[in-house]
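Residue numbers for the sequence shown follow UniProt numbering, so the first one is 1 and each next one is one higher.
Derived from the structure by calculation, the hints contain no laboratory data.
Incorrect hints may have been included.
[Stated by the list, open to error] The calculated lysine to any residue pairs, modelled on SDA-like cross-linking and capped at a C-alpha distance of 25 Å, are: (1) Lys96 x Ile312; (2) Lys350 x Met407; (3) Lys96 x Gly173; (4) Lys91 x Gly173; (5) Lys96 x Met365; (6) Lys96 x Ile307; (7) Lys399 x Met385; (8) Lys153 x Gly173; (9) Lys153 x Leu140; (10) Lys399 x Thr216; (11) Lys349 x Gln404; (12) Lys96 x Phe176; (13) Lys399 x Pro381; (14) Lys91 x Lys350; (15) Lys349 x Gly439.
[Said to hold, decoys possible] Here are the computed distance ranges between Cβ atoms for each label pair: (16) Met407 x Asp292: 20 to 26 Å; (17) Gln404 x Asp292: 24 to 30 Å; (18) Gly402 x Arg425: 44 to 50 Å.
These numbers come from a predicted model, not from an experiment.
Each residue gets a CB set at the ideal place from its N, CA and C atoms; glycine is no exception.
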Amino acid sequence: MVASQSDDRRGGGESPPTNGASATPATDSSPPDEHETAVYTVSVTGVGYRNEGYKEDGTDGIPPEPTKPPALPAPEDDTQSRKFKLSRSEKWRILKNIGTVSIAFMVQFTAFQGTANLQSSINASDGLGTVSLSAIYAALVLSCIFVPTFLIKRLTVKWTLCLSMLCYAPYIGSQFYPRFYTLVPAGVLLGLGAAPMWAAKATYLTQVGGVYAKLTDQPADAIVVRFFGFFFLAWQTAELWGNLISSLVLSEGEFGGEGDINSTRYKKLKSCGANFCVIGNGADESLKRPPDSEIYEISAIYLTCVIVAVIIVALFVDPLSRYGEKQRRNDSTELSGIQLLSATAYQLKKPYQQLLIPITVWIGMEQAFIGADFTQVKKLPFFCMINAICSLLFGSVMKFVGRQPLMALGAIVHAALVGVLLVWRPHPENAYVFFTVSGLWGVGDAVWQTQVN
């Protein structure tokens, strides 16, 4: 849903609608006061929102030729007439909503990522922590097929966000009593909630980005990518805060101690770098399970973060009904789970979608590598910092250089780093190399996060 506007200062001309919606300022016989706020009547048509950033990526079934909208009659029922009013100052409210959603996700994933990073250590017995993480992502895959549309249709985007974020609480709460029958079911619940949460987030950012683009007379694709860039700036810093909390709570125990590594530091150099094997070399004798009191303390902190994140969304984020969600829901036809699965299979026949599959597979592989293998050298915070900065930067740069050059940059950076890592042999005296590799890896990951999403 996007709105186009006309302005007396531009001679009364109208911008043609490009995404199934239009907006015209309320007319008045007297000249507008520069201090007054222009009011826009926004109309939502049945075609829904079309992101202009993808108009060259292949046909989406919507005729590309823009048409001039007819005159809008004064409605008696905004919901039935599919129109609603916005003021020009609404753009500041939209920015507030984007910032609030971003902060809520940062707080939420400070808790989740901090908890997930500790699973292979604090719940290492019988691989319980790893099994629980596997359950999360297995459930997430299944949830992607059926759950998001079902929940969003019934609860709306905002309340889908709240409910889905709340699904993270049982998993973190189960750290107080970690057993197979507590961690794994809680992980499944988290996975089921994660898919609608991410779908609702993407829907919210895209819809309000389209409105903001027309209120400010800017290209919709550039605004949407910029909003995603700001979101990932905040989201990527969650890893920093999660690790900071872990280090502050666990640093005084044996778990956070350095241990006696001087005698073994140089002995293990031959098994570092590309020769490193998690199975044979992953166990660090200096890392012991922290006391239960510290685990309870850090779990309580993370659980509080989840509750705070849900409260932030519930109290401070405006519902999408303010921007035509009710009208779009009335225009749309609900699909069954089988129909959604069939639509997904049909989408996979399109060549552009097929070309995205290797990219999404690589995203999963590169994030698993930096999050699981490279963190053995504990340089992830630097990766997160560079990633956050580049996420914001690339969201703005895309407006000037386009999507393809940025994606080429990400591919070149990651391909070059893989080649370097194959021949590089780590040494304690060359610490700057660790930071350089993790920082550049964050540059490439920022490209995928902002452009592919």
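Checked hints:
{"no.": "1", "hint": "Lys96 x Ile312", "verdict": "12 Å, holds"}
{"no.": "2", "hint": "Lys350 x Met407", "verdict": "20 Å, holds"}
{"no.": "3", "hint": "Lys96 x Gly173", "verdict": "31 Å, violated"}
{"no.": "4", "hint": "Lys91 x Gly173", "verdict": "39 Å, violated"}
{"no.": "5", "hint": "Lys96 x Met365", "verdict": "34 Å, violated"}
{"no.": "6", "hint": "Lys96 x Ile307", "verdict": "20 Å, holds"}
{"no.": "7", "hint": "Lys399 x Met385", "verdict": "23 Å, holds"}
{"no.": "8", "hint": "Lys153 x Gly173", "verdict": "29 Å, violated"}
{"no.": "9", "hint": "Lys153 x Leu140", "verdict": "19 Å, holds"}
{"no.": "10", "hint": "Lys399 x Thr216", "verdict": "15 Å, holds"}
{"no.": "11", "hint": "Lys349 x Gln404", "verdict": "22 Å, holds"}
{"no.": "12", "hint": "Lys96 x Phe176", "verdict": "36 Å, violated"}
{"no.": "13", "hint": "Lys399 x Pro381", "verdict": "28 Å, violated"}
{"no.": "14", "hint": "Lys91 x Lys350", "verdict": "36 Å, violated"}
{"no.": "15", "hint": "Lys349 x Gly439", "verdict": "37 Å, violated"}
{"no.": "16", "hint": "Met407 x Asp292: 20 to 26 Å", "verdict": "47 Å, violated"}
{"no.": "17", "hint": "Gln404 x Asp292: 24 to 30 Å", "verdict": "52 Å, violated"}
{"no.": "18", "hint": "Gly402 x Arg425: 44 to 50 Å", "verdict": "39 Å, violated"}
Of the hints listed earlier, those the structure fails to meet are numbers 3, 4, 5, 8, 12, 13, 14, 15, 16, 17 and 18, in rising order.
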